[in-house]
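> Residues per chain are reported as follows:
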Amino acid sequence: MTVPVSGEVSLGARTSGGPSPLVRMRSISRRFGHVLANDSVDLELDSGEVHAVLGENGAGKSTLMHILSGSLRPDDGIIELDGLPVRFANPRAAIIAGIGMVHQHFKLVPTMSVAANIMLNDEPSRGGLVDERAARSEVRELCTRFGLDLDPDARIRDISVAAQQKVEILKVLRRQVRLLILDEPTAVLTPQEVRDLFRFLEGLVEGGTGIVLITHKLSEALGIADRLTILRGGRVVSSRTPDDLTPSQLAKLMVGRDVLLEVRRRPATSGESVLAMRDVRAVDGRGVEALRGLDLDIRAREVLGVAGVDGNGQQQLVEILAGIRVATGGSIEWLGEPIQIGSVAEQMRRGIAYIPEDRQQRGLIMDLDVRENLILRRFRDEPFAHRLRLRPTAIEQHARDVIDTFQVRARPTDAARNLSGGNQQKVVVGRELKGVPRLLIAAQPTRGVDVGATQFVYDQLLAARDAGAAILLVSFDLDELFALSDRLAVIYEGRIVETFDPRAVDEEQLGLAMAGVRGNATFA
Amino acid sequence: MRSSSVWLWPECVGTRPLLSQSRPAASVFALLLALASGAVLLLIAGHEPLAAYSALLNGAAGSDSRLGETLMNAVPLILTGLAVGVAFRAGLFNIGAEGQLLMGAVVTAGLAPTLALPWFLTLPLLIVVGGLAGALWAFVPGLLKARLGANEVISSLMMSYIAFYVTEYLVVNPLKAEGVLPATELVPEANRLPRMGDVLSGVGQSLGLSAEEIPGDFLGRLHLGLPIALLVALGTSYLLWRTVPGFAIRILGLNPEAATYGGVRVGRAIILTMMLSGAIAGLAGAIQVLGVNYRMSSTFSPGFGFTGIAVALLGNITPVGIVLAAVLFAVLQTGGQVMQRSAEIPVAIVTIVQALVIFFVAVQLRLPRSYLYVWGARLRARAARWRS
Chain A
1 MTVPVSGEVS LGARTSGGPS PLVRMRSISR RFGHVLANDS VDLELDSGEV HAVLGENGAG
61 KSTLMHILSG SLRPDDGIIE LDGLPVRFAN PRAAIIAGIG MVHQHFKLVP TMSVAANIML
121 NDEPSRGGLV DERAARSEVR ELCTRFGLDL DPDARIRDIS VAAQQKVEIL KVLRRQVRLL
181 ILDEPTAVLT PQEVRDLFRF LEGLVEGGTG IVLITHKLSE ALGIADRLTI LRGGRVVSSR
241 TPDDLTPSQL AKLMVGRDVL LEVRRRPATS GESVLAMRDV RAVDGRGVEA LRGLDLDIRA
301 REVLGVAGVD GNGQQQLVEI LAGIRVATGG SIEWLGEPIQ IGSVAEQMRR GIAYIPEDRQ
361 QRGLIMDLDV RENLILRRFR DEPFAHRLRL RPTAIEQHAR DVIDTFQVRA RPTDAARNLS
421 GGNQQKVVVG RELKGVPRLL IAAQPTRGVD VGATQFVYDQ LLAARDAGAA ILLVSFDLDE
481 LFALSDRLAV IYEGRIVETF DPRAVDEEQL GLAMAGVRGN ATFA
Chain B
1001 MRSSSVWLWP ECVGTRPLLS QSRPAASVFA LLLALASGAV LLLIAGHEPL AAYSALLNGA
1061 AGSDSRLGET LMNAVPLILT GLAVGVAFRA GLFNIGAEGQ LLMGAVVTAG LAPTLALPWF
1121 LTLPLLIVVG GLAGALWAFV PGLLKARLGA NEVISSLMMS YIAFYVTEYL VVNPLKAEGV
1181 LPATELVPEA NRLPRMGDVL SGVGQSLGLS AEEIPGDFLG RLHLGLPIAL LVALGTSYLL
1241 WRTVPGFAIR ILGLNPEAAT YGGVRVGRAI ILTMMLSGAI AGLAGAIQVL GVNYRMSSTF
1301 SPGFGFTGIA VALLGNITPV GIVLAAVLFA VLQTGGQVMQ RSAEIPVAIV TIVQALVIFF
1361 VAVQLRLPRS YLYVWGARLR ARAARWRS
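Residue numbers (the numbering used here), protein chains in the order written: chain A, 1 to 524; chain B, 1001 to 1388.
Check the hints yourself; a few may be wrong.
What the hints assert, rightly or not - Heads up, incomplete: computed chain A residues facing chain B, CB under 8 Å, no partners named: (1) L150; (2) F379; (3) P383.
What the hints assert, rightly or not - So the derived label-pair ranges between C-beta atoms look like this: (4) A:N90 <-> B:L1230: 47 to 55 Å; (5) A:S125 <-> B:W1241: 37 to 45 Å; (6) B:V1320 <-> A:R286: 41 to 49 Å; (7) A:N57 <-> B:V1320: 38 to 46 Å; (8) B:F1359 <-> A:A89: 53 to 61 Å.
Just so you know, the hints here were simulated from the structure itself, not pulled from any lab data. All figures in this text were calculated on a predicted structure; none of them were measured in a lab. Glycine is no exception: its CB is placed at the ideal position from the N, C-alpha and C atoms.
Go ahead and model the full structure; you've got the sequences and the hints to work with.
Spelled out as structure tokens, the structure:
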């Protein structure tokens, strides 16, 4: 029996005696269509501890946390707060009850100030107008209380990603939450920023706040968490303290089988220059200069990793090479010859393959089937077309070939929408690596892909390298960059600021370069 | 890396859900709902719904001349439906098919009385010229969209207003025939599209059949435009699903960013698709002049171009669906006229039913399939709990 409190939170009678944890989720189930995202999940969260929730993509961790923070309702199961069953009608109800979530993709208004964003929808008012002075001073006071350094008047679009994250966190902390849920908070931060964030979180924990950290980074979870809960296929497979758990044991728990965390690769035997970019410039969608004189060289048979915080020109770099965006200045040499990049088709003819960062938005057409997606970039060419006519048999045959070669678990006629993330990525990788390209642009090739498929993608990239391709790897995952790169270039504010030998640099140095702190280049 | 390419796609009018969910059942369901709602309205107005609908059906297909009339009225709707549909496939909302149709009609009507060539030259020439006029009219919004990002919904609609007043001017002034009517000169008999009855009896005679076996007035005023429209439907279908440009059109409509990635030159594709769409609409105007009206006047089109939007929506944006939807609308309109005369039920009820069909199609599109699924799942879960 539950009774409504303040309209949106329903409280019930205490069901058990004794000390109860801050939050107890009991046999939570939630179904989406045919997928059981959460299958009677139990979870206990205490105040004053960091609880890491781990799992592969689709393991159900986000669903579970969305249920806890009120944006999804469970089909079944009970949430208890201080031993009392509660039911949240929406995220606002959860926050009133003291549970707040910071989402992976920030929900901020870029053109508005820090203070306005923090106060959004709950502004202090005077005479029916927003009292901006009060808002500003409240934000200042919050910053002092939590030891954060933010300018209340700065616009969101002008501040760094790490600062935006602080705004998101303050937005939640302002509501005096007792449980703070963070969804993949380190995905877009440099190593130093991650350390700052964790120090900040430890401070909160000491103050008695409970913290839930959704993550798939093993070392991170082992480093900071007081307790770990591992989800697989919608169920809890383990809930324990980290103790002496090793990363590979943890990976095994997540995936359900042994995982090779090391990438075995032969040393690079880099060959002739494939691409040389000199002083290349480009603007972003708002007309702001995003590449400001970028220099870059890639040779055959090597993986050049590009490290950097999101938004430092990676997208423009990739799009210029793919032929999607036009450079506003500089020169580009291809195989030693100066070229003008005219179109996407021209770049494809040059032998430039491209695994886009966003497979659902750019890499695939979700409504089309596997066959059609596999000719997405080659539908004009023989043998898939003869003059203007498509040739269904050749298209079908090609689909079967790729499915075989790249072990895609799908039929040619399945819609891309119905494939798992890993299989979708295999379709993209298969399409781009059928026939060895001269240059492969791999932009976050394993984003949102499970451990098994990640391994597969790595193998394919290295096989392409060994077969003679030059590979430009753009990624935000430092482990990935270290595992695959023969050289590591750091991009900062539209320039390559340093180039490292990955064997001779540690995360510390790389992080400083990513943050724009100039050191001495160790490798050219 | 968040994508920054900002394509102002007509998300507001919802072409995307239409392209990604093909569900003919939804159209049939919408039709049934609309007819049921129409029945309620008829009851309120004091009419017998069954009698009204049977009068309507009788009026639309009660005799072979009435059937001919219905099919004749379907021809412009098939073509404008295809015109709108082809643009829809590329994610473009060509709301200006009406203007393209008018331009096709006026150019054809202006040229037809002056030509004195053999029929096998005249007819194709006139039809092609009509199509070109429509294509030219659609080129403008296409170009504006491709080069400046101007919303084609607005620019093509505005082009329709221009077309409306340009044709008005032409039929009142330079092209006006002798007499009181604001209309062009009649198309000479030799340059008109032959009636199906004449065509069939001609074919019959050459096969040695007697005139009694195939009466010359078979299917009334229905003319050669119907097979032409069906051929265009077939051609559109082939283009979209069997050819390279068709593949480009479809991927552009489903996901412009992926189409760019696939090497489609988006600007060029937008312009060409708009021109194709306009050509089909212009064709509708030309055929209507040569087969039905034999002249252009200021009351030439009762809004074929706009009805074409409804036809394309109801037809699920597939050529077969569009042909069926056009015939359905023609049945409602032709039968409605007869119903008004014979059963004294205002023809307005037919217009309401037509609007309701589209209304229900649109409502269902806005309800994602998953919603229905979740409701179903909840109901089943509740039932299971109740049983246990």
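> Hint by hint, note whether the structure agrees.
Evaluation of the provided hints:
no.: 1; hint: L150; in the structure: violated (22 Å)
no.: 2; hint: F379; in the structure: holds (5 Å)
no.: 3; hint: P383; in the structure: violated (13 Å)
no.: 4; hint: A:N90 <-> B:L1230: 47 to 55 Å; in the structure: holds (53 Å)
no.: 5; hint: A:S125 <-> B:W1241: 37 to 45 Å; in the structure: violated (58 Å)
no.: 6; hint: B:V1320 <-> A:R286: 41 to 49 Å; in the structure: holds (45 Å)
no.: 7; hint: A:N57 <-> B:V1320: 38 to 46 Å; in the structure: holds (40 Å)
no.: 8; hint: B:F1359 <-> A:A89: 53 to 61 Å; in the structure: violated (31 Å)
Violated hints, in rising order: 1, 3, 5, 8; the structure is consistent with all others.
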